[in-house]
Every structure is written in structure tokens, then in C-alpha cells.
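There are 4 protein chains.
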Amino acid sequence: MSERQRVRFRPREDQYAWTFGGAAPVARLAPGTVLEVFTEDCFAGRVRSERDLVSEVCQMPFLNPQTGPFYVEGAEPGDTLALHFLSIEPARDWAASTTVPLFGALTATHLTALLHDPLPELVWIWELDRQARTCRFTARTGEASVDLPMEPMHGTVGVAPANLEVRSALVPDAFGGNMDTPEMRAGVTCYLGVNVEGALFSLGDGHARQGEGETCGVAVETAMNTVLVVDLLKGRPCPWPRLESDTHIISTGSARPLEAAFRIAQVDLIRWLGEDWGLDQMDAYQLVTQAVEAPLANVCDPNYTSVAKLRKDWLPPAQPMEGMHARLREVSAEGPV
Amino acid sequence: MSERQRVRFRPREDQYAWTFGGAAPVARLAPGTVLEVFTEDCFAGRVRSERDLVSEVCQMPFLNPQTGPFYVEGAEPGDTLALHFLSIEPARDWAASTTVPLFGALTATHLTALLHDPLPELVWIWELDRQARTCRFTARTGEASVDLPMEPMHGTVGVAPANLEVRSALVPDAFGGNMDTPEMRAGVTCYLGVNVEGALFSLGDGHARQGEGETCGVAVETAMNTVLVVDLLKGRPCPWPRLESDTHIISTGSARPLEAAFRIAQVDLIRWLGEDWGLDQMDAYQLVTQAVEAPLANVCDPNYTSVAKLRKDWLPPAQPMEGMHARLREVSAEGPV
Amino acid sequence: MSERQRVRFRPREDQYAWTFGGAAPVARLAPGTVLEVFTEDCFAGRVRSERDLVSEVCQMPFLNPQTGPFYVEGAEPGDTLALHFLSIEPARDWAASTTVPLFGALTATHLTALLHDPLPELVWIWELDRQARTCRFTARTGEASVDLPMEPMHGTVGVAPANLEVRSALVPDAFGGNMDTPEMRAGVTCYLGVNVEGALFSLGDGHARQGEGETCGVAVETAMNTVLVVDLLKGRPCPWPRLESDTHIISTGSARPLEAAFRIAQVDLIRWLGEDWGLDQMDAYQLVTQAVEAPLANVCDPNYTSVAKLRKDWLPPAQPMEGMHARLREVSAEGPV
Amino acid sequence: MSERQRVRFRPREDQYAWTFGGAAPVARLAPGTVLEVFTEDCFAGRVRSERDLVSEVCQMPFLNPQTGPFYVEGAEPGDTLALHFLSIEPARDWAASTTVPLFGALTATHLTALLHDPLPELVWIWELDRQARTCRFTARTGEASVDLPMEPMHGTVGVAPANLEVRSALVPDAFGGNMDTPEMRAGVTCYLGVNVEGALFSLGDGHARQGEGETCGVAVETAMNTVLVVDLLKGRPCPWPRLESDTHIISTGSARPLEAAFRIAQVDLIRWLGEDWGLDQMDAYQLVTQAVEAPLANVCDPNYTSVAKLRKDWLPPAQPMEGMHARLREVSAEGPV
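Chains as they are written, first to last, in the working numbering: chain A, 1 to 337; chain B, 1001 to 1337; chain C, 2001 to 2337; chain D, 3001 to 3337.
In short, the hints are calculated from the structure, not lab data.
One thing to keep in mind: the hints can contain errors.
Under the rule of at most 16 Å between Cα atoms (straight-line distance), these lysine to aspartate or glutamate pairs were calculated in the EDC-like manner [what the hints assert, rightly or not]: (1) B/Lys1312 <-> A/Asp147; (2) A/Lys312 <-> B/Asp1147; (3) C/Lys2312 <-> D/Asp3147; (4) D/Lys3312 <-> C/Asp2147.
Here chain A stands alone, though its shape is the one from the complex (with noise of 0.2 Å):
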């Protein structure tokens, strides 16, 4: 496998994209190439300091910008998308979150229209300590100040949507997207069913951390320098963004109300069982129900999202996604990157 071919991206300013779709692509890749690739924070950079606030020095549609998108070949609707992530790391020492007017799960919003005064607008600088692996919180009213693990991740990955659509970088949706889920993390395979020949992933929106939920909208933002591997899985398709782990499957849904989040995630769970595992669906109702672990992803973007992860151990042995994460993890052995 040593002639597996690396390629490096590092996106011009005027490089990113603001969509799924819509974008003409940056670079084709070949199935099998690692990809490292720069990805600027949801901000655009341009929040650095308490006094950035996200209303006056950003502007819609440039929030969120993405790098890609890619070309992959070979890739036709029908197949699947894998995306091996061997190492996401903060590229600063420090990372923005905000409160923005109108945005987040606990506030009146565009779409939970009230008659509110928006809450107050903030900025909070987190210090990134690569060494030690720790965000640093610190409070803007009083002397607290917290260590949390670094734990970094990329909220938004996606594909191409399909039946034409093009959608901002800001909305998750069964083309995977700003679904702002921990779990997609190192060691992680993000599995996306392609909508258009080439399928066209970007990825971006990189948190040193995030809690489940992204409660108030805005995690600890900051850019990535990111290596993954990508792979493509012919005549397999993917309803919904799937991930695996060495130790879980996970399923995700986007949409709202959250439950429909909710259960978009749960039944794929449960077909994935039929799939892979040849589990009936009734039976696979009841295992999941009683296995599942249910961490909340996003409740704040334009659609929430759910995740259901089942541990693999709890299984009989099985071949999910016809091997691609057992294969997908091997890579990062294989030589520096």
C-alpha cells in the first residue's frame, strides 16, 4: 500500500465554499488517497478578540466556510462515502465561542419566532493547550476559569445534496452536513450516500470541544489541521450519515421537531442491524432499545441532530459496511502523514 497518494489542500481565502453543492470542486482524489487538508473556523477568522462580535464582523452567507469541495472518482449516487479520520488537530493556541442574536437552543430564534429582545451578544476567547490537551474557559463575569479535555472533532462534513438542492454550510440534512456531532472525531469513519457523480465532500467547523447539543449554538471554534482517508464504497447505498468507531456503530438523523431526529437515527440503527448483522427488524426494535446509547448532537442548527450508537462487542462478529473502518484504520500505520 505504500503507493497509496497523499494529497495536501490548503484553501486561498477566496477558496472555501458557503454550500453543500453549488461549488465547483478544488481537487480530485482518487478512492484509497489520504487528504490533508487546513479548515478554517465557523467565524470565517474573523472572530480574535471579546470585542469580534459575530453580528458586526461577520455576514451571511459567509459563515462557515468549507473546505472542497472534492471530487472523488468514481463516486455515483448509489454508493457510499467513507471518510477515515486519522488526526484532527487545533492549528491555534485558541478558539472563539459566541452567543449570536437569535441563534441557539435557548432562545427565540428566526424559526422559534418570538417577541424577545435577543440575549445578550458575547464573546468568550478559550486558550488551547496542545501539550496538555486542555480548552481553557474563562468566565466574563467573575474570576472563574475551567480546564476542560480538548477532545477536537469537525461539526460539519457532507456530500453533494441530492435532487438538485444546494444548501448552506450552516444546515444538516441527509447529506451529512453542520451536524456538529462529538463523535466525529480521530479514529472515526464518516460514511455519507453519494447524490451526485464525483460527490463532492467538503468538510469544516472545527471544535476543540463541543457539549452534546451545541446548546447555545456556538462550540469552541477553532481551524484544524486535519488528515483523512478517503474511500468509496461502489453500489452500497447510505440512507443517512453513518459513523464507526473501533467500538461503536453510530447512526444519525437530522430534522425537527427533535424527535424526528430522533427517530430517523433510531430506525436506522435498527435497518443497519437487518443489513450487516441480519437481525429481524421486530428483534432489532427490541435490541436496540435496550442497548442504545442516545447522546443529542445539535439542538440549535436549522435541523437537529440525533445519534444513535450501539457497541460492536454487545454483537455477534460481523463485517459492517463490508469491512470499510477495519480496513480504514489500518492506514494510519502505514507511515507518517
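Given the coordinates of chain A, assemble chains B, C and D onto it according to the supplied hints.
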């Protein structure tokens, strides 16, 4: 503390309660009492084999029998009841789970009214190995069999509701009740705001284990022998049920749609950080956003339940709920119960 | 029919009920009785000027006083109570509306928990001209004044709930209750499934008029003098409240989220077309889709209420609910009440 | 005004648009133009008998063909497009309605993911009598046949979305689109905020009639000959689609859950009363609460649509939207179109 009162209560068959509120107390307890109880399973013990369909052997309102209510001396509206679970142990070596027509997260229901016929009604009998601490699932179709860890919990713990209401034992709400969260396990303290004189708490619905969300609506249901300490926090209200373990503080919310349950739990956690850690509301919003765990509890009951968990060791030292959990967790060491 | 029993009941101040279920009957009525009642407004008469803020003059649970409950002789579970409204007339020449902190459709609430402060709390006193049949709105800010037609109705009509429950008079559900639909006007027959012996119905919450959805949560609230005929349909159940006017059959549903309320009402209307017109379910689904009117009732109460209306003259001739409405509408002609 | 430009456009079969945004304009129109168009039905004309099942004769994304888009000269972001419907007339003497697997309000769907099999897939062919202005429903099972009034409307009217998005013609959102409101009838002016240069509006999805909520997801679908006046309100934004008739002002909202759509429409109506009648926000909240009509539009599309209507004669005199409707309604008198 050797004078701590110990009470043992095993209900006669005609002594169960089927509601929160509206039932006469079965015993009076002084704060500090160690209480040993037996709880019957949610089927009132009537589902014992794969032939015992809920729609045939059970009848509303005689589902989810509660052991209680218990009158706590001195409890008044504005106080908070603290229930610390010393042990929750299956009383049988088997448990039952089922589908129930028009009940569950992935089916039409009476509240999600659709034109579909009900899904098939099935019973799964689970074998419990109390030595090995496992629950054995056996598929109804095919040969699959899986051992899952035993993680006993109570689906239902609650007090009499406010506003003169009497609620079915199937309902979770601000008074607690049928929250169906796997967090309600041994070692945890459950805080419930008192709405009526004596608090009138009861509990039931033991689960040998349960996934997050209780997808099909029914967990691994079994009778339990449970030991808890009952205590009282005078003059401190608790608007929604809270839990505390050695490692986490946990807020809950129960409502529909699911995002309403999520928001209630998150807002309560933010307020708790204000009450006991002195954090400013916007700082707490930020910190919770990055640090919270948000596993679902149930997405099947009349109200859905969401949980918001925060690691205590990520916070400055404090005495949450006036140090009640820290005190009660010492009780188990006091002697055999 | 001159022997039709007539009963007049005007509650003493200590005689109101604050719940559905859980209150002792104030009178026993034979089916066929003409009942004259006084109902107090939802504020228990305590909001009389712009200075009377609900948060200061009212106190839970003493909101939405109900006149009743009335025990209907012979009523048993499985029967349906029929209440035909002969007249609903404001008892005063003024009415009050208000905002209430954390209540209403366009504000954070206890169930839509957000971090906003409450909206301003205000009272509007409306002048009722019972000759001209108008309600005069006067703006609190500026000079605007508007006359709207008086269209008196009861926000709250219900029976004791099933399953041993007792519910606040603020709640609408399958037992009726606080549905807040403008359809509950004179000339209409309201059908309620009986859950307990005697049915135990009560009514209140008179509105001189109300928009569809009751957006701010409070209508043009006033005391009412109301005359109704009470009758009973033996052996025919009614799972959710139905109404019938000379022109329409009307199903209702009360739940959250709002689409659940919509679905319940639509499914019930489809089933009603099956029961009384013999339509096949899929044909009824099609016909309802093209013919139904779906005005909202309330989007502010603990459950939201949606209404599904169908013109009877668009259907083949039939005797809905065994011709009950056709019979009861003749009562008004019998003489002065 | 005799010099008013008239444009007639009947699309070739390959000329329909399947999205809002992302399609090249078919014509450029000056503000003030009278436009005559043909619109194909939502099935692209492929459902012509009871044997033509949507799942067999139609294919995503080729559903809901749009006539357009039209480029309106001078239209820029921040302006509002005004489309006044002079006439909407069925182009055929029949129409089709169907059930579609996993689509509709009373069934499991892709977004309300459940474990049920789809409901039966059926076609109903409706006879349209354009003289008598009736639509004849004939039951598939049994002999029932019913004539309903013909009330022609467009389910879909919209402009290109904001934020670089391209949306399926099946979606309603802030850009309009597939709102499916019976209010979109002849005599009405539709206001749409302009998001891109030229506005790029299109329309389609004619319904000979439709109930409120479009319960099964499909109305009485037919091709239409439609005449409208196209005009432009410079420098005045319109955040969500509004309509105006001779009698009513009408706001709309499209979102999930349904209460979100309700809130958007109600908040917009309150703001409209502020903008054009100068009402204080809290006064408008009160007045709307008592005066609004809130019929549902659709509870089946990717976003649900709710409508908020207010009688203009219940308000002080004003020139809503700068008197645009009052001006455009005079056009029909100008001569044959």
C-alpha cells in the same frame, strides 16, 4: 447515626398506587429513614411468557404499579425531597420486554395519530444472571442471542404533583414520575421539589437495563428489591427533578416536543450552576454548551425526558444542594440494610 | 317535551372547581335537562382594571374556575355526553385580557424554557356592547381603538379524565377541558366521551371573542350566563371531543407538538366519516384532504388544540352521532329558558 | 396605463424548473407586466388514470414543475416582489389526487421515520365542471360521489432563496415555494422578499381545490392557465411571504414543528401592524390574539405552513405595503388579458 430509622415495605397486591397524587400514604417516614421496598414490574407481574401479550393480560389504568406513596414528615411545598439509592437489585432471574400496540417511539401512537395498523405485538423474555450481572436477549426470529451488562434502575420515581393534579404513573413531568432515565441507578441521589404536605413519593418500574430513549417504549422490566435513604432539604425548592452522583450533577426535563424537554433540562442546569457555583447566567450558558452530556431518557412516554449531565470535577469545588448527596452517600457504610 | 327538567345553578364563591376530575358534583342531572349556569371569568373575577396584574392578583391553582362538575344520571364509561349550547351571553359589559409572564405562544414559557426575561405584563380592559354585539379594544400605547364583533364562546368544557387522573382546568386533552376553540359557541353540540360514572362535566372560561390560536394565551375574558341541554348517547364512545353545528361536523385534537393535535383531529374526522357515513378509510382520507377546514384553537395551553371541520351539506345525508344534534337543536324552540 | 406590457409564456416540456434558485430565467419582465402562463400539474402530467401510481410514473426530482423562473428587471435584495393574481383557471376538465408512499400528514414519512409499511397507494381522478365550478370526488370503494366547489389556487409560488441556496420545488420556506395555502387564489396579491438580483420567481402546482392542511399531501391537482401582474416594491423588505386580498392581510410561516410555522406567521402579522398601522408591539399582540384567523396551509411538506389572517375592515384605514394591492387590483379592469 446508629439510630437511623429503618423501614421495610413490601406491598400487598391491592396496595399498589397507579397514580402520582390521589392515593393515601402507605407509611409515614421521618427524614433520614432507610427504606427497603419491593417494586413490581410495569406489567404488574402479568407478562411471564411470550404468550402474555400486554393487550390481553393488562388493562388500563393498572399498568406501572407504584410502591408508595410515602408521607415524609415535615415535608412542605417549597422543600426538596432527596432520595438516595443505596441498592437496586432485580428480584427475579428473568425480565420481560414487549411491544405494545400504538405505543413506542417508532410507531403510530394515540398522540402521533396516523392511519397505520399497529406493529406486531411481541414479548421477549430476558434471562438475568445476577451473579454474572448480565441480561440475555434472545431473538424471536433466528438464532441470535446477546448478553448485555445488567444495569438496574428505576424508570419511575416521583412525588404528588402541584396544582391539585393526579397523574397516571405512566407520565413523567415536573413531579418526576415515569422519566425512564438510566441515570436513576444505585449510588445516585434524586431531588424532587415537594408540592404537597408529606411529599407523597412513590417508585416502581424497575429495569434490569435500558437504552437511552427507551425506543420501543418498554425496557428490560423486572421486579426490584431497592434500598434508599429518604431525606429532606427544607426551604429550598427544586422546579424539575435533579440527580447527583459522585461524579455528575444531572438536570432533567420532561415535555413534548423533545426539544422542549432538552431546553428545560439545560436551563435548569444553567440555573443550578448559578445557585450553587455562583456562575453568571451567560457564562453558565457558555460552559454548559461545551461541557454537557445530553443522553436521552425516554422518547415514548406522554412526555419525553431529556437529561443534562455535568462532571463535577470540571467545576470549582462546591456543595451542590447544600451537600446532601455527599452526606447521604456515607449511609451505605453504616451497616447492613 | 314540556316536562323537560330545568336546572339553574349559580356557584357560590367557594363552589368552583379548579380541576377536571377530583371534585365532588354540585348537582345531579337527568339526561335531557336544560341547565342554566353562571360562569366566572378565567381570572376568578380578580382582574378588573389595568392595574390588576395576574401575577399579583391571581394564584395557582386558582385560575380558570369551573362551574360544576355535574353528575349525569346513567352516564357510564363507553357512553358519550352531549352538551348543546342554547345561549352563551356575557354577564358583564366589560371583559379583560392580559399578558401573563412566561405564558402564551410568542414568549418563553415554563415548557419552552429559554433564558429570556418575561415580556411586559399588561392588562387590556375591553368594553362589551351587548346591544351592538361588539367588543371594543383600546390600545395601551397610542390612540388606536377598534370594535370587533362579539362572538361569545366557552374556552373550557370537559368531563372527568380517564385512568384515575385529575387535571388542572388549564389543560385540554381527550376529556375536553381548556380547548379554547371559537367553535364552542351557541347553537353547537359538544360530544365528550364519558370516562367515569356520572361523566362529571363542568364548564367555564367564557370569551366574548377570541382569535384562532389564542396567541397571547388570554382571550377577551368575561363571566357568562349560559344555557345548555345535557343529554347522553348510551353505548357509543367518543375518543376525542367532537362538535356539531347545523352546518359542520367538527373533530378536535389536543397535544404537543401542534402537528400531533392536527393529526388527532384529522384521524378522528376520517373515522367519523367511516362510522356515520360508511366511507372507506382511504376514501375518507382523500375527501377530508380536499374538503376540511383546519382553524387552530389554541397554541398556548399545556396541550395545543387543532380543529377539523367538514360541511355537512358536502356529504351524503346521514344521522351523525345518531341524530343527537338534530334533536337537541329543537329544544330552543320549546319556550323561554 | 394602456401601455402595460403583456407577456405570454407556455413552457416547452424541457423548460420547467424543479427548484427555486439554480435555474436560468426563461424571460425578463419589467415591473408592471401582465403575465399569462400555463402551469403543469405537480405530477408533471404523468398521473392520468387510477393506474398511474406516482411511485411508478414519477421520479425525483422531477415532481412539481415550475413555470419560470422570471427575471424581474430592477429587483434587488431588500426589495419586495408583488404578484397579483388576476385569474387562475383549470386547463383541463379533470384533476388527479393520490396517496404517495411515505408522504402525507397521517402516515410514516422519511422525516417521521417509523417501522410501519407504507399506506396503500391509490389514485383518485376528479372530474372538473368548469361551468358549474365544481370538482367531483368519486370514492374508490363503494358508491359515494360528492361535488365540492371549485376554488382554484397555486400551491407553489416563490423566488430564489437567500444564502446561495437552491431548494427543491417541494419545499416551502422564507422564499415562498410550496406553501400549499388555499389563500393563493385569484384576486390576491402575494408579496415575496427579493433575495437575488432579478428575484427569479416561478409558480406551479395548481389545485382545483384543497382543504386546509393538505392532509394526505396531495390536493386536486391540475394544470392551470393563470394571469398575474408582476410588480416591485423598491427598498422595502418582506422577511416571510405575505398575501393581501380585498378583505384581509395575511402572513405566512413555514417551518417544523407546526407551532414554529404558527409563531412565524403570527409574529410577522404583529410586525406588519407595526409597520403599516403604527401599532405598538404589545398592543398588536393583544389585537391579533382576539382577531386573527389561523387556518392551516400544509402539514405534509418538508416545512409545514401556517397562515395568519386579519380583516382589514377591523383595522383603522391604512395603505399596507404602500398600497400595492389597491393599485394592482385595478389592473383586471384595464381590458382583456
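Worksheet entry | Pairwise hint evaluation, A/Asp147 against B/Lys1312, where the allowed Cα distance is 16 Å at most | holds (12 Å)
Worksheet item: Within a Cα-Cα threshold of 16 Å, do A/Lys312 and B/Asp1147 meet the stated pairing?
Response: holds (12 Å)
Discussion item. Given the hinted pair C/Lys2312 and D/Asp3147, is their Cα-Cα distance within 16 Å?
Written reply: holds (12 Å)
Worksheet item: Between D/Lys3312 and C/Asp2147, does the CA-CA distance stay at or below 16 Å?
Response: holds (12 Å)
Against the hints set out earlier in the document, no violation occurs for any number.
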